[in-house]
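Visitor: Protein chains in written order, with this note's numbering: chain G, 1 to 402; chain H, 1001 to 1195; chain C, 2001 to 2102; chain Z, 3001 to 3441.
If you're looking for bench data, these hints aren't it; they were derived computationally from the structure.
One thing to keep in mind: the hints can contain errors.
As the list claims (entries may be wrong) - As a list, the in silico DSSO-like pairs of lysine-lysine whose alpha-carbon atoms are at most 30 Å apart:
no. : chain 1 : residue 1 : chain 2 : residue 2
1   : Z       : Lys3420   : H       : Lys1192
2   : G       : Lys176    : Z       : Lys3186
3   : C       : Lys2089   : H       : Lys1134
4   : C       : Lys2057   : Z       : Lys3080
5   : C       : Lys2057   : G       : Lys64
6   : H       : Lys1192   : G       : Lys237
7   : Z       : Lys3080   : G       : Lys69
8   : C       : Lys2089   : G       : Lys69
9   : G       : Lys64     : H       : Lys1192
10  : H       : Lys1134   : G       : Lys69
11  : C       : Lys2089   : H       : Lys1192
12  : Z       : Lys3420   : G       : Lys237
13  : Z       : Lys3080   : Z       : Lys3048
14  : Z       : Lys3048   : G       : Lys218
Said to hold, decoys possible - Pairwise CB distance ranges, derived in the manner of DEER restraints:
no. : chain 1 : residue 1 : chain 2 : residue 2 : range
15  : Z       : Leu3306   : H       : Phe1171   : 56 to 64 Å
16  : Z       : Ala3072   : G       : Asn313    : 15 to 23 Å
17  : Z       : Leu3306   : H       : Leu1039   : 28 to 36 Å
18  : C       : Ala2084   : Z       : Val3098   : 31 to 39 Å
19  : Z       : Asn3289   : C       : Trp2055   : 26 to 34 Å
20  : Z       : Lys3420   : C       : Glu2090   : 48 to 56 Å
21  : Z       : Arg3416   : G       : Tyr336    : 45 to 53 Å
Keep in mind that this is a model prediction, so the values were computed, not measured.
In this text, a Cβ means the ideal position worked out from N, Cα and C, and glycines have one as well.
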Amino acid sequence: MSAPVKDGSKDNANDVSAHAQHHAIPSHLHLETPEKPYLDSNELIINMGPQHPATHGVLRVILKLDGEKVRGTECVIGYLHRGVEKIAENRTYTMFNPYVDRMDYVAAVSNGLGYCEAVEKLLNVEAPPRADYIRVILTELNRIASHQLWLGTHALDIGAMTPLFYTFRDREEILKIFERYCGARLTTHAFRIGGCQYETYAGFEKDVKNFLTFVAPKIDEYEELLTTNRIWLERTKNVGVISAEDCVALGVTGPVLRASGVKWDLRKAQPYAAYSKFDFEIPTGENGDTFDRYLVRMEEMRQSLRIVEQAVNSIPEGPIMAKVPKVIKPPVGEIYHSIEAPKGELGYFIVSDGSTQPYRLRVRPPSLVNLQALDVMVRGLLVADVIAVIGTIDIVLGEVDR
Amino acid sequence: MIPGLNLALMAVFTTTTDPGMEPVATPFFFYLLSGLAILGGFLVITRRNPVHCALALILTLIAMAHLYLMLYAPFVAAVQIIVYAGGIMVLFLFVIMLVSIERASKDRRFNRFWPVGLAAACALMALFVSAFVKGRALFPDRMIAIPEGSNTQQVASMLYGEAGRMGQYTFAFEIASLLLLVAILGAVIMTKKKI
Amino acid sequence: MVPITTLHYLVVAAALFVLGVIGVLTRRNVVIVLMSIELILNAVNLNLVAFSRMWGKLDGQVFAIFIVVDAAAEAAVGLGILIAFFRNKETINVDEIDLLKW
Amino acid sequence: MPNFIMSYLGSTVTPGEAGNQFWALIYVLIIFAGVSLAVVAMNWFERKALAHFQIRLGPMRVGPHGLLQPIADALKLALKEDIIPAEADQFVFWFAPVIGLLAAFTVYIVIPFGPSQAVSDMNIGVLFMLGVSSLGVLGIVVAGWASNSHYPLIGALRSSAQMVSYEVAMGLAVVSAVLMTSFNDKGTGTLSMIGIVQAQQQQGIWFVFKFFPLGLVAFVNFVIAMIAETNRAPFDMAEAESELTAGYHTEYSGLRWSLFMLAEYAAMIAVSSIAVTLWLGGWLRPFPNLLHAPAWDFIFSLFPGLTFGALAAIAVIGVMRMPAHPYFKVQRIGLAVFAALLGFIALFLLVIAVGARFADATNLPEKLEALLRIFARFSEGIDYVYWFVLKVALFMYLFIWCRATWPRYRFDQLMRVGWKVLLPITLVVLILTAIVGVIVS
Chain G
1 MSAPVKDGSK
11 DNANDVSAHA
21 QHHAIPSHLH
31 LETPEKPYLD
41 SNELIINMGP
51 QHPATHGVLR
61 VILKLDGEKV
71 RGTECVIGYL
81 HRGVEKIAEN
91 RTYTMFNPYV
101 DRMDYVAAVS
111 NGLGYCEAVE
121 KLLNVEAPPR
131 ADYIRVILTE
141 LNRIASHQLW
151 LGTHALDIGA
161 MTPLFYTFRD
171 REEILKIFER
181 YCGARLTTHA
191 FRIGGCQYET
201 YAGFEKDVKN
211 FLTFVAPKID
221 EYEELLTTNR
231 IWLERTKNVG
241 VISAEDCVAL
251 GVTGPVLRAS
261 GVKWDLRKAQ
271 PYAAYSKFDF
281 EIPTGENGDT
291 FDRYLVRMEE
301 MRQSLRIVEQ
311 AVNSIPEGPI
321 MAKVPKVIKP
331 PVGEIYHSIE
341 APKGELGYFI
351 VSDGSTQPYR
361 LRVRPPSLVN
371 LQALDVMVRG
381 LLVADVIAVI
391 GTIDIVLGEV
401 DR
Chain H
1001 MIPGLNLALM
1011 AVFTTTTDPG
1021 MEPVATPFFF
1031 YLLSGLAILG
1041 GFLVITRRNP
1051 VHCALALILT
1061 LIAMAHLYLM
1071 LYAPFVAAVQ
1081 IIVYAGGIMV
1091 LFLFVIMLVS
1101 IERASKDRRF
1111 NRFWPVGLAA
1121 ACALMALFVS
1131 AFVKGRALFP
1141 DRMIAIPEGS
1151 NTQQVASMLY
1161 GEAGRMGQYT
1171 FAFEIASLLL
1181 LVAILGAVIM
1191 TKKKI
Chain C
2001 MVPITTLHYL
2011 VVAAALFVLG
2021 VIGVLTRRNV
2031 VIVLMSIELI
2041 LNAVNLNLVA
2051 FSRMWGKLDG
2061 QVFAIFIVVD
2071 AAAEAAVGLG
2081 ILIAFFRNKE
2091 TINVDEIDLL
2101 KW
Chain Z
3001 MPNFIMSYLG
3011 STVTPGEAGN
3021 QFWALIYVLI
3031 IFAGVSLAVV
3041 AMNWFERKAL
3051 AHFQIRLGPM
3061 RVGPHGLLQP
3071 IADALKLALK
3081 EDIIPAEADQ
3091 FVFWFAPVIG
3101 LLAAFTVYIV
3111 IPFGPSQAVS
3121 DMNIGVLFML
3131 GVSSLGVLGI
3141 VVAGWASNSH
3151 YPLIGALRSS
3161 AQMVSYEVAM
3171 GLAVVSAVLM
3181 TSFNDKGTGT
3191 LSMIGIVQAQ
3201 QQQGIWFVFK
3211 FFPLGLVAFV
3221 NFVIAMIAET
3231 NRAPFDMAEA
3241 ESELTAGYHT
3251 EYSGLRWSLF
3261 MLAEYAAMIA
3271 VSSIAVTLWL
3281 GGWLRPFPNL
3291 LHAPAWDFIF
3301 SLFPGLTFGA
3311 LAAIAVIGVM
3321 RMPAHPYFKV
3331 QRIGLAVFAA
3341 LLGFIALFLL
3351 VIAVGARFAD
3361 ATNLPEKLEA
3371 LLRIFARFSE
3381 GIDYVYWFVL
3391 KVALFMYLFI
3401 WCRATWPRYR
3411 FDQLMRVGWK
3421 VLLPITLVVL
3431 ILTAIVGVIV
3441 S
């Protein structure tokens, strides 16, 4: 592909190599088989997936086992590949908007937000404040929903059946709000380029406030079931540990990065939408183990509630759509815009050649990048821990494969 | 299937109240069980696949346990089932699964010197036969009734002694437990990669 | 039918003993050799219990229990050696185990 | 022959002891049918209870409140294709579920539902039980191996290590209960299951409360080991579905798979029965020594009838709460019939209990008195079985409760708990029990 942006292609190449040198992957991440195996000829190669109850869809992990000890993993992805990025090149900017919902389908609102903001940045328009507030409310609600789904399936992977149903019960309330707002529960397509299509329905604020009072004790309830549970602690503490350096080197973002102690959240670091107006904390962990990631996500849910509460109490009146031309034709250029999706940094890189369709659209999906950390996390652990770690990375295969 | 069923039947049939009374169908069960035991033994030494051998050995062990029941040794029978069938054989199966069996099942079954071994075993068998034929009188046709009801207590008093007095075999028993301890330690040390 | 006497049990035990000896002497697979040793020990056990019944004394049964203990120890150590050996040589055939040191 | 059959009827020992093969066979059949029925009921109960733990309804469609669901499941499983993988070891694959099933069911021979309500009273009852239940692991190991597939193999390896380890703790806990039977005048204990319950009766205390807290600790250890021994959550390593898809029975389908399930549930009921026998007084009703007046006997003998009455009442409430829509007509009728059936059983039991109360009354007509005597004997038997089954049912609930509450242990943690926690505790309890027993007696 030759970029339509003509100038400086050589410089770019230099930049890339310099970049690579600077961020060279630490040597211990080049993983060779470290030691003589316990029983040489008895190395089990196990195909975990693509049809497996705990790989969250169609992830296939090839496990090299020594007894039950994991000596290496290899992720095989692409079973759910739909060519979303290629589709974008044949759709107008408006037409492509619903497609992004199908990537991380449990956090569709975030995906839509990232895409709309990226195109807005390309068009140089800004969504009106009211639209920004609605976006924040819906995105944070979606973050809670995503974390709830993560918690339920993660607990189920580790063997606790019950939390799944508790979280699904409460996630249902969020989906109801989405449904009333835009008619869809999962693939919401809630936002439009330049704002929101729909004004909030009558009673939206009441619904959200009711939800806030409803869900706060429920989060405590999940914690009651798990946080002090001995077996849960034993299964999650010191399991899948990853250091902050490794996280940074591998490009891991989101709760996984924060649980390793790096206070990096795009909502604070480069505020988008209306996030700069709200007061919230970035929870971080210390050990970077599965338990810390669990705690970080639980705390993030509470922080999301705080944000939603502030937003819904101070939501301004006004228009919900900026002035956007009927036919969206961004100027020639390229843009990278990223937001803090529930799973990490979700970025859109759009190259425009001035036509109605993107010349190239590239998604930086947090799940895919975070999945790289799997091998680092599970080496030397047992099969059961692989399940726990896959759960704790919180991947959605729709987003990994796109 | 048959050993399990038998265990049930034997449990019913051998626990008669009168200790002197012979169980209902002694010859039938004796021939059945000893047949099964010998069949199992035969399969152990002929089957190619080690897991099949282990299963055959389990058959033999369970049949032997029934024979012990018929000999009014219920405690030994129970120990046989618990230790052998439930413990040692599971260990065997565990190890068979741990070491690769794909290759073993394709290998030759017998070693190069098998005719020698067979001849030696045949000689041994001849020795047994002659001993049984010639020494028929040494084995009187009698079965002295052992009170079955208190079998366990009697074995216990031989092993542990009673009322402050050392039993006949207390010392040997302690030695045996020491042997087990040493065996456990040895097994652990041998199989552990790094100590 | 002939009543079952001690000799019957002795014959069964002898048959099992001979089978065990054949297994020990002819099989290649160490696991099966160990199983054959269990067979031999069991044959001895049967003899002891049958004699215990013959004399009406429990000493035979006590010996049988000792032999079971012994068999357990033997199996544990034998399989331990086997595992250690397999780890180094990747074979469990007796006729390939022919080095004193490697 | 009729004499042979009738001669046992007045007896107060088990048919095995009486040497009566006919009644032994009848008892075996009754137990087999009863356990199978209990497994079916347990299946329904587990799904319903688990559903209600998890704010769901569970099966609701097949029959009123899903009552016929187990039957539908059984039919489905029986009709499903029975697949034997091409690479599997045919014979062993076929044989493996049978081993587990036989081991699970054979344990019931020594389980006493009452002083004479058992197939046989063996004087090595406890050892028999331990030995036979330890054979169950063979079925699992062999099934995992014969499938010739990786997940079942790992399941089999896990389960063999797990069950052998927990057997040790289980056996030691059992020994401490057996030891408690010997603290009587004669100083001799017993390994007979009936003897153990009778020892509890004579000593006037359930062993779970004996030498508090020693009995309780041993009991709790036994319960933990027994959950591990039956491969149930949180120790369901061998069939951990999120890790090993289905563990040792991944490759099984249809009828053969259902045999595994049958064996698992039968084994659960068996080990619960053992726990009840050893620690919770077996067939003894609560406070048999303190509340020993005939009036108390009468009150406690009403419990079976009242229980069935309560169940019938629940069913009637269910009928009344059903929506009055024609769609539910068949279900309403079905549930009503079920309620009527339960009510009838309740009435029957109550009549017998009340009749038994008046068996000793004077100046009764001769025929009535004979009838009432039969009632009395019958009522006694029902009492024993009722209390036994009630205690076992509580254990079944415990199994479900554990499954709904806890995450799964990891394999190394499981082994650590078995060897480094349970085993030392049971050993210490055993030694302390012996010391305290010698001091007290």
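Visitor: Does each hint fit the structure? Answer for all of them.
Guide: Results of checking the hints against the structure:
1. Z:Lys3420 <-> H:Lys1192: Holds: Lys3420 of chain Z and Lys1192 of chain H sit about 18 Å apart, inside 30 Å.
2. G:Lys176 <-> Z:Lys3186: violated (73 Å)
3. C:Lys2089 <-> H:Lys1134: violated (48 Å)
4. C:Lys2057 <-> Z:Lys3080: The given pair, whose Cα atoms are some 57 Å apart, is violated under the 30 Å limit.
5. C:Lys2057 <-> G:Lys64: violated (58 Å)
6. H:Lys1192 <-> G:Lys237: Since the Cα atoms of Lys1192 of chain H and Lys237 of chain G sit roughly 26 Å apart, the hinted pair holds (cutoff 30 Å).
7. Z:Lys3080 <-> G:Lys69: violated (36 Å)
8. C:Lys2089 <-> G:Lys69: holds (22 Å)
9. G:Lys64 <-> H:Lys1192: Roughly 21 Å separates the two Cα atoms, so the pair holds.
10. H:Lys1134 <-> G:Lys69: violated (61 Å)
11. C:Lys2089 <-> H:Lys1192: holds (16 Å)
12. Z:Lys3420 <-> G:Lys237: With Cα atoms ~20 Å apart, Lys3420 of chain Z and Lys237 of chain G stay inside 30 Å; holds.
13. Z:Lys3080 <-> Z:Lys3048: holds (24 Å)
14. Z:Lys3048 <-> G:Lys218: holds (23 Å)
15. Z:Leu3306 <-> H:Phe1171: 56 to 64 Å: holds (59 Å)
16. Z:Ala3072 <-> G:Asn313: 15 to 23 Å: violated (53 Å)
17. Z:Leu3306 <-> H:Leu1039: 28 to 36 Å: About 55 Å separates the Cβ atoms of Leu3306 of chain Z and Leu1039 of chain H, which means 28 to 36 Å is violated.
18. C:Ala2084 <-> Z:Val3098: 31 to 39 Å: holds (36 Å)
19. Z:Asn3289 <-> C:Trp2055: 26 to 34 Å: Hint violated: Cβ distance 45 Å, outside 26 to 34 Å.
20. Z:Lys3420 <-> C:Glu2090: 48 to 56 Å: Distance hint for Lys3420 of chain Z, Glu2090 of chain C is violated at roughly 33 Å.
21. Z:Arg3416 <-> G:Tyr336: 45 to 53 Å: Roughly 49 Å apart at Cβ, these two residues keep to the hinted range, so it holds.
Violated hints for the displayed structure, listed by number in ascending order: 2, 3, 4, 5, 7, 10, 16, 17, 19 and 20.
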